[in-house]
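Asker: Respectively, the protein sequence lines represent chains A and B. FYI, the working numbering numbers position 230 of the first sequence as 230, with every residue one higher than the one before it. FYI, the working numbering numbers position 272 of the second sequence as 272, with every residue one higher than the one before it.
Do not rely on the hints blindly, as some may be mistaken.
[What the hints assert, rightly or not] Cβ pair distances, simulated, as ranges:
#1 Tyr-58(A) / Ser-86(B): 48 to 58 Å
#2 Ala-93(A) / Gln-148(B): 56 to 66 Å
#3 Pro-183(A) / Lys-89(B): 16 to 26 Å
#4 Val-31(B) / Ala-69(A): 41 to 51 Å
#5 Lys-89(B) / Ala-93(A): 22 to 32 Å
#6 Phe-126(A) / Ala-122(B): 25 to 35 Å
#7 Thr-71(B) / Leu-103(A): 34 to 44 Å
#8 Ala-93(A) / Ala-122(B): 34 to 44 Å
#9 Trp-92(A) / Ser-330(B): 20 to 30 Å
#10 Gln-148(B) / Arg-43(A): 47 to 57 Å
#11 Leu-16(A) / Ser-53(B): 29 to 39 Å
#12 Glu-69(B) / Leu-16(A): 28 to 38 Å
It should be emphasised that the hints constitute simulated quantities derived from the structure, not laboratory data. Just so it is clear, CB atoms sit at the ideal spot from N, CA and C, and this is done for glycine as well.
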Amino acid sequence: MTRRTPLSRTVRWVVLALFAVFFVFPLYAMADFSTRNLIQGGRTLAAWKNLVRDDQLYSAITISLALAAFTVVVMLAVLVPTMIWVRLRAPWAKGMVEFLCLLPLTIPALVVVVGLRGVYEWVTYFFGESTLTLTFVYVVLVLPYAYRSIDAALSAIDLQTLSEAARSLGAGWATTIARVVVPNIWSGILSAAFISIAVVLGEYTIASLSGYQNLQVVIVQIGKTDGTTSVAASLATLLFGFALLLLLSLFTRGHRRGPGTNHVAQATVVAPAPAPAPAPAPLATAQPGAAAS
Amino acid sequence: MTTTTQDTTEGRTHPSLAVELTGLTRVYGSVKALDGLTLHIEPGEMVALLGPSGCGKTTALRILAGLDEATTGSVSVGGRDLTGVSANKRDMGMVFQAYSLFPHLTVLDNVAFGLKLRGESAATRRARASEMLELVGLSEHRDKYASQLSGGQQQRVALARALAIRPSVLLLDEPLSALDAKVRVQLREEIRRVQQEVGTTTLFVTHDQEEALAVADRVGVMNQGRLEQLAAPADLYTHPATPFVAGFVGLHNKVTAHVDGDTADVLGSRVPVLEGSIASGTGVAMVRPESVTVTADPEGRATVVSVEFLGPFSRVHLTAAGTALVAQMSSSQARSLVAGEPVGVTIEPSGVLVVQEQPAG
Ligand SMILES: Nc1ncnc2c1ncn2[C@@H]1O[C@H](COP(=O)(O)OP(=O)(O)OP(=O)(O)O)[C@@H](O)[C@H]1O
Ligand SMILES: [Mg+2]
Numbered sequence: 001m002t003r004r005t006p007l008s009r010t011v012r013w014v015v016l017a018l019f020a021v022f023f024v025f026p027l028y029a030m031a032d033f034s035t036r037n038l039i040q041g042g043r044t045l046a047a048w049k050n051l052v053r054d055d056q057l058y059s060a061i062t063i064s065l066a067l068a069a070f071t072v073v074v075m076l077a078v079l080v081p082t083m084i085w086v087r088l089r090a091p092w093a094k095g096m097v098e099f100l101c102l103l104p105l106t107i108p109a110l111v112v113v114v115g116l117r118g119v120y121e122w123v124t125y126f127f128g129e130s131t132l133t134l135t136f137v138y139v140v141l142v143l144p145y146a147y148r149s150i151d152a153a154l155s156a157i158d159l160q161t162l163s164e165a166a167r168s169l170g171a172g173w174a175t176t177i178a179r180v181v182v183p184n185i186w187s188g189i190l191s192a193a194f195i196s197i198a199v200v201l202g203e204y205t206i207a208s209l210s211g212y213q214n215l216q217v218v219i220v221q222i223g224k225t226d227g228t229t230s231v232a233a234s235l236a237t238l239l240f241g242f243a244l245l246l247l248l249s250l251f252t253r254g255h256r257r258g259p260g261t262n263h264v265a266q267a268t269v270v271a272p273a274p275a276p277a278p279a280p281a282p283l284a285t286a287q288p289g290a291a292a293s
Numbered sequence: 001m002t003t004t005t006q007d008t009t010e011g012r013t014h015p016s017l018a019v020e021l022t023g024l025t026r027v028y029g030s031v032k033a034l035d036g037l038t039l040h041i042e043p044g045e046m047v048a049l050l051g052p053s054g055c056g057k058t059t060a061l062r063i064l065a066g067l068d069e070a071t072t073g074s075v076s077v078g079g080r081d082l083t084g085v086s087a088n089k090r091d092m093g094m095v096f097q098a099y100s101l102f103p104h105l106t107v108l109d110n111v112a113f114g115l116k117l118r119g120e121s122a123a124t125r126r127a128r129a130s131e132m133l134e135l136v137g138l139s140e141h142r143d144k145y146a147s148q149l150s151g152g153q154q155q156r157v158a159l160a161r162a163l164a165i166r167p168s169v170l171l172l173d174e175p176l177s178a179l180d181a182k183v184r185v186q187l188r189e190e191i192r193r194v195q196q197e198v199g200t201t202t203l204f205v206t207h208d209q210e211e212a213l214a215v216a217d218r219v220g221v222m223n224q225g226r227l228e229q230l231a232a233p234a235d236l237y238t239h240p241a242t243p244f245v246a247g248f249v250g251l252h253n254k255v256t257a258h259v260d261g262d263t264a265d266v267l268g269s270r271v272p273v274l275e276g277s278i279a280s281g282t283g284v285a286m287v288r289p290e291s292v293t294v295t296a297d298p299e300g301r302a303t304v305v306s307v308e309f310l311g312p313f314s315r316v317h318l319t320a321a322g323t324a325l326v327a328q329m330s331s332s333q334a335r336s337l338v339a340g341e342p343v344g345v346t347i348e349p350s351g352v353l354v355v356q357e358q359p360a361g
């Protein structure tokens, strides 16, 4: 721990204040707008009640939450064993896997949609037309963020020694991963999961271009006729995302006090990760404008 | 073939099995990590594998543990061929060079981990783990996490964890190399005591000759993937079979010698030669520093170059007949020696190995 000098404390407060103005002001504006009674003046919670009362919006919310959950489950089931395996058994493939996982960052959403059209004819053939088939695209979409957090967590432990110790004590591969590796990269897995949720809940472009109705698509649609409801939904999404990230940082900080010194290293993993968090923001903050017109 | 030692938990015993490594080779691309390693370990015996870095010690241990596969050759324990048996089915306790405690578990849970996998009841696990922690003297640390322990304590917990499963064989891969010198000596004695208490057949890998000679029943010296010699520590020290062993086991002087039958003339002293020496003629004798006796003698043919004080004993660097020579003696004896003064040198008549000049290795 470095001692805090008065100067660094001042800098801290200035940064915090700037941060507050930058982030809190739009949120305040959205909260204000969403509780306005546009016709009679005064305040009303009608827009917020619509979140559950409006069938279209309510089903979009549940679909997006389900999409987020499925994406996280599939992403973890694919990524965690693969990354462990590559580190232990095929280190030569690490560069390739990293490249593949980071690739989605460089491909524009439009290209993804056009490229996937052919694939999706097959996907819909097997899985039906459900919006939930977007899970497959979203798993790819969240790969870069998830890869980064899990990779950092794996780097913080001596994976080879720990897994060899577990195996010599009688653990098979599945047991080794479940009982030894996962508990020690838990904060990396959590941060991968939470960030993926934030990305999926904020995703608009791909869903809209492929003609699916997820939360953001419906928010935009509603925004064309009912500004306050759409802003309320945006704000709710944003707050949900913030709550997740807050929970994440609380959890990893709590963990830091716990057993391993390497949890300290893992906790720092979280730092670069929240980058995609503002992802819902541009879409959401775009709404008041859309509503006003 | 199989003997057993009693221990207290439920009257069950630690197995003592013979270990057989036969013609092991392991090729990594163009590197031959092992090149026909054959090694037999008696039931309950502790063998130390000693050799320079990169000679294949870890590779041999990992193949025995099932963590790596031999290119050719076989491994058997207690007469049972282990080819194709995966690491988690081999029942071998292993202590690693790197700290290997599971960071998310307490000391007690670490030790009980292997028992949990074997479906032991919570009460049995607790009793057994406690017993093992007592064995390594860490009972009061049972609820701590690895990060709260010193390196030496972590390795002791790792030893307890490896022994808790009553392993068929105990494997130790340089478990002390990350520790400082004092702890290292303490812990190696502890490892020896624990090993003798439980009687498990043990393979101990190290590159520290003092460590190997101090703890093991027999020491195997490895060089470039092969076993050069396997012998009891005292035999290895007094009767090195090859120049490599002689060089590795002690800091050795290389002195020109003339062999004549059973003895050799080394710097004017008649010294018996060891088996494996050349039959006759001129060769190089490998002389241990403590076999060199230095006496203050104005007529002497050797000259003191420097005296290196090392606490209880001192190392004296000399030149005699044009060759550099190192002698080791108690510091009180060395006190009278002054750099630049002439001294007399005699070689103690314990056996020396005399080999061809410019020996390989
Ligand atoms: N996975 C691997 N891939 C390629 N080469 C390897 C691998 N493991 C070991 N080697 C090579 O095999 C040789 C023997 O390695 P090993 O680890 O057994 O040596 P060691 O005797 O344990 O040395 P040290 O005392 O440094 O631990 C070395 O030359 C090493 O570079
Ligand atoms: Mg090694």
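Asker: Taking 34 to 44 Å as the hint, is the beta-carbon distance of Thr-71(B) and Leu-103(A) inside that range?
Answerer: 37 Å, holds
Asker: Do the Cβ positions of Ala-93(A) and Gln-148(B) conform to the proposed distance bound of 56 to 66 Å?
Answerer: Distance hint for Ala-93(A), Gln-148(B) is violated at roughly 37 Å.
Asker: Just tell me: holds or violated, for the beta carbon distance of Pro-183(A) and Lys-89(B) against 16 to 26 Å?
Answerer: 23 Å, holds
Asker: Starting from the hint 48 to 58 Å, judge whether the C-beta atoms of Tyr-58(A) and Ser-86(B) obey it.
Answerer: Given range 48 to 58 Å: holds, Cβ gap about 52 Å.
Asker: Evaluate the given range 28 to 38 Å for the C-beta pair formed by Glu-69(B) and Leu-16(A).
Answerer: 57 Å, violated
Asker: With 34 to 44 Å as the target window, see if Ala-93(A) and Ala-122(B) comply at their CB atoms.
Answerer: Taking Cβ atoms as reference, Ala-93(A) and Ala-122(B) lie about 41 Å apart, which means the hint holds.
Asker: Between Phe-126(A) and Ala-122(B), is the Cβ distance one that fits in 25 to 35 Å?
Answerer: Taking Cβ atoms as reference, Phe-126(A) and Ala-122(B) lie about 46 Å apart, which means the hint is violated.
Asker: May I ask you to test the hint 20 to 30 Å on the CB atoms belonging to Trp-92(A) and Ser-330(B)?
Answerer: Cβ of Trp-92(A) to Cβ of Ser-330(B): about 56 Å, so the range 20 to 30 Å is violated.
Asker: Note whether the CB distance of Gln-148(B) and Arg-43(A) lies within 47 to 57 Å or breaks it.
Answerer: Distance hint for Gln-148(B), Arg-43(A) holds at roughly 55 Å.
Asker: With respect to the beta-carbon atoms only, verify the hint that Val-31(B) and Ala-69(A) lie 41 to 51 Å apart.
Answerer: 48 Å, holds
Asker: When you take the CB atoms of Lys-89(B) and Ala-93(A), is the distance between them in 22 to 32 Å?
Answerer: Since Lys-89(B) and Ala-93(A) have Cβ atoms about 27 Å apart, the given range 22 to 32 Å holds.
Asker: Within 29 to 39 Å: is that where the Cβ-Cβ distance between Leu-16(A) and Ser-53(B) falls?
Answerer: The hinted range 29 to 39 Å is violated for Leu-16(A) and Ser-53(B), with Cβ atoms some 53 Å apart.
Violated hints, in rising order: 2, 6, 9, 11 and 12; the structure is consistent with all others.
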